[in-house]
Structure formats: C-alpha cells, structure tokens
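Kindly generate the complete structure, drawing on both the sequences and the hints.
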Amino acid sequence: MTVKIDKIYVISTESISRQNFPYAKPTDYYREYLGSLSPFQSAFMDKICFIRMDLDDNATYSILETSESVCNFIMSNLANLVRDLPISRISMAWDLLYRYTLPIGRSGIAIHAISVVNLLMYDAYAKLLGVPVYELLGGKTRDKIRAYASHLHPTSKEELEKEARSYVEEGYTAMKMRFCCGPSDPLGVDNNAELVKVIRDSVGYSVDLAGDAWMSWNLNFALKMARRLEKYELCWIEEPFLPDDFESYSYLSKRTDIPISAGEHHYHVYDFKRLLDSGVRILQPDAVWVGGITPMKRITGLAEAYGSVVIPHTSNIYNLHFIISEPESVSPMAEYLTKYKWLEDRVINPPKPIKGYFELGEEKGFGLKYDL
1 MTVKIDKIYV ISTESISRQN FPYAKPTDYY REYLGSLSPF QSAFMDKICF IRMDLDDNAT
61 YSILETSESV CNFIMSNLAN LVRDLPISRI SMAWDLLYRY TLPIGRSGIA IHAISVVNLL
121 MYDAYAKLLG VPVYELLGGK TRDKIRAYAS HLHPTSKEEL EKEARSYVEE GYTAMKMRFC
181 CGPSDPLGVD NNAELVKVIR DSVGYSVDLA GDAWMSWNLN FALKMARRLE KYELCWIEEP
241 FLPDDFESYS YLSKRTDIPI SAGEHHYHVY DFKRLLDSGV RILQPDAVWV GGITPMKRIT
301 GLAEAYGSVV IPHTSNIYNL HFIISEPESV SPMAEYLTKY KWLEDRVINP PKPIKGYFEL
361 GEEKGFGLKY DL
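FYI, the numbering used here numbers position 303 of the sequence shown as 303, with every residue one higher than the one before it.
Any given hint might turn out to be false.
[Claimed, not checked] The calculated DSSO-like cross-link candidates involving lysine-lysine, where the alpha carbons are at most 30 Å apart (straight line), are:
(1) LYS140 / LYS369
(2) LYS352 / LYS369
(3) LYS339 / LYS162
(4) LYS144 / LYS4
(5) LYS144 / LYS254
(6) LYS140 / LYS273
(7) LYS140 / LYS352
(8) LYS364 / LYS339
(9) LYS144 / LYS364
(10) LYS47 / LYS25
(11) LYS25 / LYS369
(12) LYS273 / LYS47
(13) LYS341 / LYS25
For the record, the hints were derived by calculation from the structure and aren't laboratory data.
Have a look at this one:
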C-alpha cells in the first residue's frame with residue numbers, strides 16, 4: 001500500500017522573545033544604522049508557527065517550526081500541491097515545488113517554504129519506515145560531530161576573554177566571533193583586528209577561530225581586513241560581501257590565504273557553483289533555508305568535486321542529520337549557537353553538544369519532541 005500525504009496544517013502560532021546583540025550587519029553601510037540587532041528580527045522571525053503534516057495511514061505525522069511569513073506562503077501556495085503525493089517521492093516533490101514557484105521564487109521565502117515541506121517529508125517518511133532520517137541519507141559516517149561554539153559578539157574585552165575561555169573549558173576546539181565594524185567606521189579595521197587579538201591572546205592558537213562579517217563589508221575594507229588578520233590564522237572569514245557580489249568574492253579569495261566562507265544566504269545549487277567558481281572554499285547552506293536536505297546533498301557533491309567543504313549554517317537537527325551522513329573530510333563540523341535561545345520551552349530535546357561534540361540517537365525521523 002502506498003502511503004500518501006493527507007494534509008498540511010498549522011497547529012499554533014506564537015511570538016518569540018528577541019534579544020539584541022552588537023555585531024556588524026549589512027545596514028551598517030550607513031552610520032546612522034549602527035547598533036545592536038536581534039538575530040531573529042534580522043530574519044523577520046517575530047512569530048513562529050508550528051506546522052504539521054499528516055499521512056493517510058492515520059498514524060504517521062511530522063511537526064516543524066517556521067516563521068509566520070513562511071507559514072503563510074506554505075498554506076497559500078504549497079500545501080495543496082503535495083496533497084495525495086506518495087510520501088516517498090521526496091526529490092520529485094522538491095523539484096515540482098521549485099518549478100511551480102519559479103515566477104515568484106528561486107530564493108527567500110519561497111525557498112524557505114520548500115525547505116519546510118522537504119523536511120516534513122523526510123521526517124514523516126523516516127518515521128513511517130521506523131528509522132532516523134540519517135539512515136535515509138546513507139547512514140552514519142561517524143559516531144559524533146565536532147561542534148564549534150558560535151557567539152562572541154563584540155562587547156567588552158573582558159567579556160570576550162571570559163566567554164572564549166569558557167568555551168575551551170566546556171571542551172570546544174573551535175569557535176566563531178562576530179566582527180563589530182564595517183567600512184562606515186573610520187576605525188573599523190583597527191577595532192575588528194583588536195577583537196581577534198583579544199580572543200587569540202585568551203585561547204591561543206590550538207583552538208580554531210573564525211570571524212563572521214555578515215555581509216557588512218565592501219571589497220576595499222575586506223582587503224585591508226584580510227591583510228591585518230593573516231597573522232591570527234583564522235580558519236575562515238564568513239560572508240564578507242552581499243550574496244550577489246561574486247566578483248568581490250573572487251577578487252578577495254585570490255589575495256588572501258584565509259579561507260572565505262559563504263552560503264547562508266544562497267538558495268540554489270547554481271548559486272553555490274558560482275561561489276565555488278569565485279574561490280569560496282567553505283560552503284554554509286542551511287537545510288531550513290536552502291530548500292531542505294534534497295539540495296544540501298547536491299551542494300555537497302558539488303563542493304567535493306571542487307575540493308571544498310560544507311559546514312552548514314546553524315546546528316538545527318536537520319543539518320546534523322545531514323552532516324553525520326557525509327564524510328568528515330567533506331562536512332567536518334557543526335555550528336552551535338550558544339546564546340540564541342528561542343524554542344527551549346517548546347522543544348523538549350533540542351540538540352546540544354557535550355564536551356564539544358554532537359551525538360545523534362536512534363529516534364525515528366529527526367527525533368525532536370515538542371511540548372505544544
């Protein structure tokens with residue numbers, strides 16, 4: 001008997017708390033927009049919806065959370081398109097939805113919405129088969145995933161030192177900081193370099209350290225920053241430019257030994273090919289934003305052909321199932337956002353590293369449990 005998708009519907013909608021953090025951001029291009037910002041506000045996540053997919057076996061279902069705007073797009077445009085589709089046709093469903101939304105999609109909310117449907121299907125199908133999602137992806141390639149601690153927003157030097165040391169004490173061997181300045185600040189290069197120095201002086205060079213510019217630099221500023229940061233042996237500089245500025249990515253990558261990473265705000269395999277052609281050596285897609293796990297697998301195959309690696313954006317459970325199914329040499333570690341807490345009261349068992357490593361159990365599907 002072929003089991004099909006019965007329906008997709010909204011369980012609940014609720015507001016989330018938004019804590020502001022200081023860091024460089026795209027709007028810092030204009031000095032009057034300097035200041036702190038909530039990461040959830042920047043992603044237009046004022047409200048969260050919990051969406052459920054039921055299968056027609058009257059037993060299997062999947063739940064996933066997303067922003068209200070993405071939820072509205074799903075319910076208005078996608079939910080009926082996949083109704084009565086066999087749950088096993090995950091790749092076909094992805095391609096149909098992508099082609100259907102071409103006039104209004106290819107990125108942004110449309111691709112985010114396709115991500116939700118793709119992940120719901122993976123979760124429901126794995127539950128139907130009685131296996132974890134990573135088994136659908138080829139099985140585990142390792143027992144645990146190395147995590148890097150991701151926060152280190154630019155506050156005081158003392159706070160940065162304390163936070164960096166705390167991650168080492170917790171067992172992390174890698175971490176990522178946020179730059180504080182972009183080209184609108186005359187002292188931006190000096191200020192950013194000082195932050196890196198403070199952390200390096202605090203934890204030394206046995207710990208991998210990356211820096212996130214979050215699309216806030218231009219080419220001239222990035223070239224100056226790269227020259228100043230070479231001696232600190234960063235394992236990458238993340239998203240120095242706006243997503244479509246492939247020429248700047250290419251120019252910078254040819255003039256620094258620091259690996260350049262990008263991909264958090266790129267939404268199709270074609271975008272990632274352009275990044276690789278531009279010299280980007282670390283790709284950072286997110287299963288929640290890039291269209292789900294289906295394109296993640298394609299992007300990773302492409303990265304491997306270029307000799308690059310994939311380190312997904314954030315450590316959501318969907319990315320972790322993907323990472324653990326890939327060779328460690330291709331997808332070596334996962335990001336853990338240490339301070340961004342927004343679903344702790346709804347997700348009973350959110351993924352959390354122990355002594356610097358994630359481990360995944362044998363629970364069916366993605367294994368998340370909700371209190372709704």
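Query raised in the report: Looking back at the numbered hints, which does the structure fail to meet, lowest number first?
Result: Numbers 4, 5, 11, 12 - these are the hints that the structure violates, sorted from lowest upward.
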